[in-house]
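A.B. asks: Residue numbers (the working numbering), protein chains in the order written: chain A, 1 to 291; chain B, 1 to 340; chain C, 1 to 162; chain D, 1 to 669.
What the hints contain is simulated information worked out from the structure, not anything from laboratory work. Beta carbons: idealized from backbone N, C-alpha and C, even for Gly. Take these hints with a grain of salt, some might be off.
As a list, the in silico DSS-like pairs of lysine-lysine whose alpha-carbon atoms are at most 30 Å apart [as the list claims (entries may be wrong)]:
1) Lys486/D with Lys217/A
2) Lys146/A with Lys486/D
3) Lys69/A with Lys2/A
4) Lys41/C with Lys270/D
5) Lys146/C with Lys128/B
6) Lys172/B with Lys119/D
7) Lys281/D with Lys239/D
8) Lys206/B with Lys281/D
9) Lys141/D with Lys245/D
10) Lys146/C with Lys287/B
11) Lys212/B with Lys239/D
12) Lys189/B with Lys146/C
13) Lys313/D with Lys450/D
14) Lys324/D with Lys313/D
15) Lys349/D with Lys281/D
16) Lys623/D with Lys230/B
17) Lys41/C with Lys119/D
Stretch-level coverage of chain C by chain B, calculated; a stretch enters the list once three of its residues show a Cβ under 8 Å from a Cβ in chain B [stated by the list, open to error]:
18) 19-26
19) 80-93
20) 116-125
21) 134-146
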Amino acid sequence: MKFAYYPGCSLRGTGRAYEESLLAVFRALDIELEELDDWNCCGATTYMSVDELTSYALAGRNLALAERKRQDIVAPCAACYLVLNKTQHYMEDYPEIKLTVTRALAAIGLTYDNHVRVRHPLDILLNDVGLKAIAAKVKRPLKGLKVAPYYGCQIVRPYSTFDDQRNPTSMDRLLEACGAKMVHYSLKTRCCGGSQKGTLPEIGLDLIHYLLSEAHKYGAEAIATVCPLCQFNLESFQKESGDRHHPISIPVVYFSQLLALALGAPANKIGLQRSLVPIGSVLAEKEIAYA
Amino acid sequence: MAEKPKVAFYWCASCGGCEEAVVDLAEAILDVVAAVDIVFWPVALDFKRHDVAAMPDGSIFATFLNGAIRTSEQEEMAHLLRRKSKALVALGSCSHLGGIPGLANLFDREDIFKAVYLESPSTVNSEKVFPVTRYPHDGQSVDLPGFHTSVRALDQVVSVDYYIPGCPPTPKIFHAAVQTLLSGELPPKGTVLAPDHALCDECLRKDTKPEKLSITEFKRPQQILIDEQKCLLAQGLLCMGPATRAGCEAPCVAGNMPCTGCCGPTSRVHDQGAKFLSSVASLIGAKDEAEIDRILDAIPDPVGTLYRYSLPSSLLQRKRLKETSPQAPAVSSEVLHAGH
Amino acid sequence: MPDLHTELARPQAVFEPRIVAFFCNWCTYLAADLAGTSRMKYAPNVRVVRLMCSGRVDPQFVLAAFAGGADGVLIGGCHPGDCHYQEGNYKTLRRFRLLQRMLRQMGIEYERCRLEWISAAEGDRVRTVINDMVEKVRVLGPLDLKLPEELVETILSEEVAV
Amino acid sequence: MRDLHGWPDPGPIRIGVYVCHCGANIAGTVDVRAISEYAASLPGVAVSRDYKYMCSDPGQALIKDDIASHDLNRVVVASCSPLLHELTFRRALNAAGINPFFLQMVNIREHVSWVHLDKRAATEKTQALIRAAVRRVSLHKPLQKRRVPINPNVLVVGGGIAGIHAALTLADAGKQVHLVEREPTIGGHMAMFDKTFPTLDCAACILTPKMTAVGSHPNIALRTYSEVVQVDGYIGNYKVKIKRKPRYIIDELCLGCQECIAACVYKEGKAPDEFNLGLSKRKPVYLPFPQAVPQKVVIDPETCIEFKSGKCKKTCIEACGERKAIDFKQKETFEEIEVGAIILATGFKTFAPVRNPNCGYGRYQNVYTSLEVERLINASGPTSGEVVLRDGKRPHSVGIIHCVGSRDANTNRWCSKVCCMYSLKLAHLVKERTGAEVFNFYIDMRTPGKGYEEFYDRLLDEGVHFVRGRVAEVSDWAVHPSEEGKLVIRAEDTLAGFVRRIPVDMVILSVGLEPQADAQDVRRLFNISCSSEGWFLERHPKLAPVSTFTEGVFIAGACQGPKDIPESVAQAGAAAAEALALIDAQFVEMEPYTASVLEEECSGCKSCIPLCPYQAIAFLEDKKKASVNEVLCKGCGTCVAGCPSGSIQQNFFEDEEIFAEIEGVLSYA
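Excised from the complex, chain A in its bound form:
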């Protein structure tokens, strides 16, 4: 298995731990990733809200680069994943968008013919690798660690390519295969606040609090995320939302950190040492070695 790896900006910034742990997981499962040479911004957030067409052209360039290499793209960041997917759909559905993007690409000597599949790591792990193969490689079972899976909005909506839109379960199944116990709560696709924390801080903090308190209420010892922004919101603003409502402290990690841990990666190689809410004590309590 070999894919073109598209890290995007977050995985080289706040989401560094996501990259570190994901690469460790893929290495452990013999999936080859080759970073897309000369990739550019995926076109998410600012571009998408200000000038959609430019955003499609930016995403189109990344797709074209992958198509030239005849590789499918792995896009771990939920925002990248959505924009790349959306661009493909829009190019199919709206001829004039296709025309604009094609023209823009032609200007830099690229073409795109919709042959690239944009894949999410969850999709690859579940459908290409399979639960059995993963379970077989688990070195450190998660011993019933109670995890609240949190999917956020972008990886299953509006395009549900590999999981149910309203009740996704791919992360649940992966982490269960590693021995974790999933906490069922009803907010696993509800809004994390997105960038509200910056614009309407009270609303952002409320939304963050709802998620934390529901996960906590059902006994979660950690929250697993798939998106750098979700992870950031849920981890960084625990104190602020706690001040506004009531304090809750719960480690918020990437699903890939838990997977990497189970597959034997040391905690300090997969970014756990940088967590704002450390998971160490929880792991110690479960007697899960993490060095």
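Given the structure of chain A, go ahead and fit chains B, C and D onto it with the hints provided.
C.D. replies: Relative to the frame of chain A, chains B, C and D by itself:
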């Protein structure tokens, strides 16, 4: 003694086998020769075109013309002989259907010239000389036969009274046809002088064909050891017998080779190839496209197989000419606005 | 790159393809009726010949249509497994696959001859398929089969050596 | 050749062409006058007219008069689809003394005027179609329909209320009816209901007598726990193979005393009770419900110890004693019957709400489907009619969510038609039994029907709450302390204009109706069509609602689309009447579109023989020729297209007729 009926033989685009077939009548030819007066037969007797031109119109009882029509000379001779003859008989597959030369209709004229005068390994033509219809020489001009775009069967050039099928017609077919013509009880114009049912009827292997044939693999004669008793189609060979007019008594099958369809279709069929295609494809033992395609891959040249003798007289007559392909197509507004 | 909008603005005589359709009585013909009763609008380029089953489509009919001036031929039958006569459509499929190969050799593009499974309930599919086929054939342009007779004179007059 | 007695030699072709306006339906888009003038110019056309409604009596009279006065021998009618009026015009020809098959119809409504906007293009297309028909009809030969006798017995498939009603109607009319039901008892969904809307009469009270009548009717052969596995033949003469699944009870010997159930080694139920939708348990030997018909128990081999280990004490056999009605060795059996007509009343299934995860079904235990609540309310149900939560407590507040699996782009787009009314019924019953606050969340209230709107009014008076808005989700996420421990229904109240969160104890999902899971298999079995949603397709939505495109096969009840009880019964009656009309005619006329081998010309190559799915082509060993059995031939024409020497022809679809049509449609102005 009453005057013997005058007959003529002529040879257009063909291999000459049909005239050979006339000779193959063996001693029976003596009866024929005794009964008729041959007035024109370039291959055997020294008559010239102007001899024919000098004859009164309609003075020849029957002209047996073999070969398809490719050149202007052949066309001219076909018109001339038509005018001079009471009955014009198309003799053999080429004249009847277009024949083997008719397969040239799979190519454009320019490609044929290029292949023959430039690209064939045995050709040296550094000056790139191509055939022409008029050649000026020493202040004079020589007219030469022109090469038509396509090969045509005789009846696509002039009206034909009767057809004697086969490549070549077997002596039996030819003899019976001549007897019919000489008998004075002439069949309706346009009749093919052979039975109007398919060859299986007279095939010796008919009884060995299973009632429920299902073909999962097509084979070519060189690929297998052919059972000498069993129906060839049942062995996966593309035997055209079911789609081919009878009369020849299946000598090819007797020689352990499949029928290739030289006698053409029955009177009820417009397109021999299409009919055989329909019949044989129906018998393919598969229901999904990929499997059907896999089975069909064993037929590398469908047109050459289905229309070996009948391409010019088939419904499409020839491969679509390159020149007729469209210039830049007009873009309709609907295409660009699709999806809204 | 030509500007799309000026391209569109220029009036052009649009080529209207001629398409003959053979629809089976039980599925595709009914679907076309349903498209009618549902007042769906589609291109007027297709003319339907009704047969009881797509299995009745003799390849001769397809060739006759092309030879007679059709730019495209559409065959409509019941979905695999749904044939009103159990298996007629499978025979159609087998013939069609071989016919396509033959047509290809004769210089007739795949898009000009189409086999579609359309059930009695799929009026909308009749519209989509017809519109799609009309547009595809429009892009291909006229089939313009010239019969050998039509071509004889034009060529001979030109060939004089110099 | 078929005997075509009485049809005179048509002589020179004289065609009449009739262009119908169909009011403005055709004339609005096609220039009918121009078409009529064009037709007059075609060779062989003796008279050409356009008229407002060709199918009307005066329209038909026009044709008949012209046939007499203009000596016509061929007729072309350009109007609607031949599937609608070909018969009408053939009758007109027949009445005027010419062979009805000298008619060709041109479909210029469904295929032209209704689907095209551009009048010029539509008119041009019509011209070509007319030309094709004129050329074709000139070649038509006189044909005669075949008369085939009809078997007077009828098969009814499905023993729900529709099947029951159809079977009784036919049986009362003296017909022998075979009723096949795949469950161990008849009764269908209706048997599961407690009350019926809007009258609130008890479902069992009105259904049970009919079920008993079926069980005891001398003209009804009831086969439960049985399925149709094969259908051959054609209208009037179907051969049907029925599989009888083993119930491990010898029907004839079982009295229905149920002693075996009491004696079973299991003292408590073991497997989920199907009839109670798993809300209770039943033993391996059981009677589906007390009023089951037939009153014969059934043994479930999946849970019976004897089947598992072979080491059961078999107390059931002891209890049965002398009757010896239990037979563990019973095998499935097959039986073939012959019938003339078939009525399909195979019903529906309810939408599985796990497909809509927002509703919380399967995640929250107090989310129920409406059908489950029907069982809870039913006095013979798992809770003896007590509406209680899983923990046995009575709910204080109940939310009923409408349109679950209906009117939803994500699942089913259609309106299931019965849910508004049954939701009102359940709201009433739940409130009556529990005194709970009941909230209905609806998109639109749809209550057309006798007494239905009045029932809605009554509920409004009873103080049931109605929130107009689609429910976004059901969750246990408590934002306010008042919501703790409750199910919170979140919906936009579109009348009030804000989003409501309503905490309740119990949620009832008003699940929609869907085609049966095996509807596609069943329709293939009976050679009929389904709509794109999967409902059985009727021949005409208005004029032939219980007929199908396969003659002799009728449909009734919810297999054709969502229906309530009165509608299902009405349809069942209609289907029975159609079947009676068919049978009582004693003979059926078959289209003469059969194929025949030209015996002289056939070479005996046998290519056609494998092409016929009906084994209608035989190889005559003596003559070494193929021959089509006209009775078995269904007229598809596949062998005709496949005959390599052109030696098979099909009536009304002869090669030359079709070539003429092709040439005609390709004529362009």
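A.B. asks: Each hint: holds or not?
C.D. replies: Hint-by-hint comparison with the structure:
no.: 1; hint: Lys486/D with Lys217/A; result: holds, 15 Å
no.: 2; hint: Lys146/A with Lys486/D; result: holds, 24 Å
no.: 3; hint: Lys69/A with Lys2/A; result: holds, 11 Å
no.: 4; hint: Lys41/C with Lys270/D; result: violated, 59 Å
no.: 5; hint: Lys146/C with Lys128/B; result: holds, 29 Å
no.: 6; hint: Lys172/B with Lys119/D; result: violated, 62 Å
no.: 7; hint: Lys281/D with Lys239/D; result: violated, 40 Å
no.: 8; hint: Lys206/B with Lys281/D; result: violated, 68 Å
no.: 9; hint: Lys141/D with Lys245/D; result: violated, 51 Å
no.: 10; hint: Lys146/C with Lys287/B; result: violated, 36 Å
no.: 11; hint: Lys212/B with Lys239/D; result: holds, 24 Å
no.: 12; hint: Lys189/B with Lys146/C; result: holds, 28 Å
no.: 13; hint: Lys313/D with Lys450/D; result: violated, 57 Å
no.: 14; hint: Lys324/D with Lys313/D; result: holds, 16 Å
no.: 15; hint: Lys349/D with Lys281/D; result: holds, 22 Å
no.: 16; hint: Lys623/D with Lys230/B; result: holds, 20 Å
no.: 17; hint: Lys41/C with Lys119/D; result: holds, 13 Å
no.: 18; hint: 19-26; result: violated (count 0)
no.: 19; hint: 80-93; result: holds (count 4)
no.: 20; hint: 116-125; result: violated (count 0)
no.: 21; hint: 134-146; result: holds (count 10)
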